[in-house]
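Enquirer: Those protein sequences? They're chains A and B, same order as listed. First residue of the first sequence? That's 1 in my numbering, and the numbers climb one at a time after it. First residue of the second sequence? That's 1 in my numbering, and the numbers climb one at a time after it.
Simulated from the structure, these hints should not be mistaken for lab results. Please read these numbers as outputs of a predicted model, since none were measured by experiment. Warning: the hint list may mix true and false statements.
To be verified - Below, a sample of chain A positions facing chain B; criterion: calculated Cβ distance under 8 Å:
| id | residue |
| --- | --- |
| 1 | His-151 |
| 2 | His-204 |
| 3 | Asp-330 |
| 4 | Ala-331 |
| 5 | Ser-332 |
| 6 | Ser-527 |
| 7 | Leu-528 |
| 8 | Val-532 |
Said to hold, decoys possible - FRET-style restraints, in silico, Cβ to Cβ:
| id | chain 1 | residue 1 | chain 2 | residue 2 | range |
| --- | --- | --- | --- | --- | --- |
| 9 | B | Gly-47 | A | Phe-190 | 31 to 39 Å |
| 10 | A | Ser-63 | B | Gly-43 | 32 to 40 Å |
| 11 | B | Ser-179 | A | Thr-211 | 44 to 52 Å |
| 12 | A | Gln-137 | B | Ala-58 | 34 to 42 Å |
| 13 | A | Lys-533 | B | Gly-43 | 26 to 34 Å |
| 14 | B | Gly-43 | A | Ile-395 | 48 to 56 Å |
| 15 | B | Gly-43 | A | Lys-65 | 54 to 62 Å |
| 16 | A | Thr-211 | B | Gly-43 | 37 to 45 Å |
| 17 | A | Phe-190 | B | Ser-179 | 48 to 56 Å |
| 18 | A | Glu-522 | B | Thr-60 | 48 to 56 Å |
A virtual CB, placed ideally from N, CA and C, is assigned to each residue, including glycine.
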Amino acid sequence: MSSKAKKQESIIAKITPSKPKAKAKEMTGAEMVINALVEQGVDTIFGYPGGAVLPIYDEIFKSKKIKHVLVRQEGGALHAAEGYARSTGKVGCALVTSGPGATNAVTGLADAMLDSIPLVCLTGQVPSFLIGTDAFQEADTVGITRPCTKHNYLVKDVNELASVVHEAFHIARSGRPGPVVIDIPKDIQFANGDYVNAKEAKMHTHYRPETEPDMEAIEEAVALMASAKRPVFYTGGGVINSGPEASELLREFVKLTGFPVTSTLMGLGAYPAREKEWLGMLGMHGTFEANWAMHDCDVMINIGARFDDRVTGRTDKFSPNSEKIHVDIDASSINKNIQIDIPIVADAASALRAMIDVWKKKGYKADADAMTKWWAQINTWRSKNCLAYKKDKTIIKPQYALERLRHFMEKDKRDTYVTTEVGQHQMWAAQFLPFNEPNRWMTSGGLGTMGYGLPAAVGVQMAHPDAFVVDVAGEASILMNIQEMSTAVQYRLPVKIFILNNQWMGMVRQWQELLHGERYSESYTESLPDFVKLAEAYGGIGLRAQTVDELDGVIEEMMNTDRVTIVDVCVDQKENCFPMIPSGKAHNEMILSPDAAAFDKTLV
Amino acid sequence: MVSPKRRKSKSVYAPTPTLSAEETHILAILVNNEPGVLARVIGLFSGRGYNIESLTVAETNHTDHLSRITIVSTGTPEFIHQIKTQLDRLVPVLEVSDLSVEGDFVERELALVKVACTGEKRIEALRCADIFRARAVDSTLESFVFEITGTTQKVNAFIDLMEPLGLVDVSRTGIAAISRGTKAIGVI
């Protein structure tokens, strides 16, 4: 029986279109949009104007409550809105025009969809009477964005517009968050209609995501945890999305039980990396101890993670001897990749709260003997020192560069936020940088979008003007959205771009080296810009470190610049990212850096 | 051309997992009848590589603008579970019911079958139609259009029978299905 059906008292699709109420405020569609955004708490919107959204830009021109950030390409607007959303916990908002504006936004939407980032993207559309005529800058936006949004709308009646905007925000932020597109034809933006405020908005009455856990399942889960000999918490982005309280509760529960905790790429920061229970990230480039703990555990407590293929490795050999508890707000995540013993459909914070209550009420205690043994085992794995790398006296190792960055970030008194692009540098950042608080780490996990980091950093810095915001980048990724340098300069955002420059698409090169017979097909960039001059050309600051001796000075200088700054760190070209679980392998078959030479390339 | 010999995977993805046996399911989906809703439901099937064997859709509740979509699909039990939960999270979907696992149900399909024939074959066509309780709804001196209702198997059998008698065209509605007894989808 569907959960929606259970709760359903009446099936009224939408409260039938309103007759104008006596007091309803009449205004144009464009005014409604701005009004509704303000009512929804939007203070910053990332966008790019064009013919089909000019009426809304007229209202932005007049509005004192919404700050518009002009990006240099619509893709940048979406990633910036993602950075803003992820670092604040609010809904990110973007505004783009029809046709190419909307199609450029698609990558950002797909990215937000896979990483469950709440976004509302307003797209202009050609006037209603031109839809379907192949008009100038026409694209079937709702058709194109349907599979990469949580929901989308084409507004055909100005009287529905305000309700649609309110509902879009509700859908974007509730349940499993995600992106929502509102496609607004230009004539609707001009037309007059009645504004509806958020409270009176007509919505899909049956859209009610379940957030409260089933207490029977919670009790069963907690009893199982209390009996565990080799337990492990496996947490994910759901803990971050649930809000800061979920992270607090996770910390409380981990301390209460003394269980080890690991997290996905998206969940970093929910549990502080400085605590002793922290095993590091798990998955393809996760730590040895985290992956072995996952493989050998007898009870796995998954809070808000979704058994992604980069986490599980080979599914038929994934954690073969464990009973699995899975807390997820999205019922479709449960049993999708891995069979679950105790499924709990709920918000992470609600579930954690309930679990802690039960644990305390029943007076449960972790099995002390078993835990001593388990931790002894974990410490043996830890002693492998899996993130070790060979240091060099002159050549900068990328890991070393990040260790130094970490050193300076830890000394810094400001709040620190890290974004990344995608590739080796992203994995190294996840391994080497300190993540002690939620919402401080912005990375493209699910979609793996190169070019995400710089615009995301712009969004983060807009939301946190006084914070230290750094985009850890590769020289290939950064070029995918380098134009947002110009945005950062325009809004005086002192974003730092820390490029680990090895002139290769590092992760591609690593796979080619290990799995494709060293055929380095098209992964070397023969022509790169001079990043120092490039930064200066945009009006920013460019710095470069070529040797170990230069590194500290350059990072120190970067920490204190007042403008957007590119640091071009020329790193070892041949360094690979380890540990690594090769494809088709299980968690206990991971390889470490010193083993790399002995790695049988014909196996995979 | 891909070599028929399976090479060892060099993909960045794990090898294809072994799957359980496939079974056919009939899903009844109650949705808000709003623009794009059918595309949302269908897109979910195609986007995730699932097959639709039959699809029937019409508005069933005019006051509240609700439509009922009946989809027949074949897949492993895991797939059916997955598609159900995926459908359930679409905003305009009110309820998803897997009729084939939730108890007894009745399924019917309607077909219009055009047969062009003369002489002895014409008489034979009428005789077969009678046996299958198909009705002739149009007739010329050289053709019949039969209307037949029943399970998919029955409709298939009738069409097979008409083949040698001069079958020229078929139009089928796809399956409509409903559970037996008092149970209903949604609250009407």
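Enquirer: Regarding B:Gly-43 and A:Ile-395, is the given constraint of 48 to 56 Å on their beta-carbon distance met?
Expert: 50 Å, holds
Enquirer: For the hint on A:Leu-528, just tell me whether its beta-carbon gets within less than 8 Å of chain B.
Expert: Check failed: Cβ of A:Leu-528 comes no nearer than 25 Å to chain B, outside 8 Å.
Enquirer: Should the hint that A:His-151 touches chain B count as held when the rule is a Cβ pair under 8 Å?
Expert: 5 Å, holds
Enquirer: Note whether the CB distance of A:Thr-211 and B:Gly-43 lies within 37 to 45 Å or breaks it.
Expert: 27 Å Cβ-Cβ, so the 37 to 45 Å window is violated.
Enquirer: Within 32 to 40 Å or not, the Cβ separation of A:Ser-63 and B:Gly-43?
Expert: For A:Ser-63 and B:Gly-43 the Cβ distance comes to about 36 Å; the hint holds.
Enquirer: Given the range 31 to 39 Å, decide if the beta-carbon distance of B:Gly-47 to A:Phe-190 lies inside it.
Expert: 35 Å, holds
Enquirer: Does the nearest C-beta of chain B fall within a distance shorter than 8 Å of the C-beta of A:Ser-332?
Expert: Cβ of A:Ser-332 sits 4 Å from chain B, so the hint holds.
Enquirer: Do the Cβ positions of A:Phe-190 and B:Ser-179 conform to the proposed distance bound of 48 to 56 Å?
Expert: 49 Å, holds
Enquirer: Restraint: A:Asp-330 near chain B, CB-CB cut 8 Å. Satisfied or not?
Expert: Check passed: Cβ of A:Asp-330 comes within 7 Å of chain B, closer than 8 Å.
Enquirer: Taking the closest Cβ pair, is A:Ala-331 under 8 Å from chain B?
Expert: Given a least distance of 5 Å, the restraint on A:Ala-331 holds.
Enquirer: Against the range 48 to 56 Å, how does the distance between the Cβ atoms of A:Glu-522 and B:Thr-60 compare: consistent or not?
Expert: 55 Å, holds
Enquirer: Tell me if the interface restraint on A:His-204 is satisfied: Cβ within less than 8 Å of some Cβ in chain B.
Expert: 6 Å, holds
Comparing the model with each earlier hint shows violations of hints 6, 7, 8, 11, 13, 15, 16; every other hint is respected.
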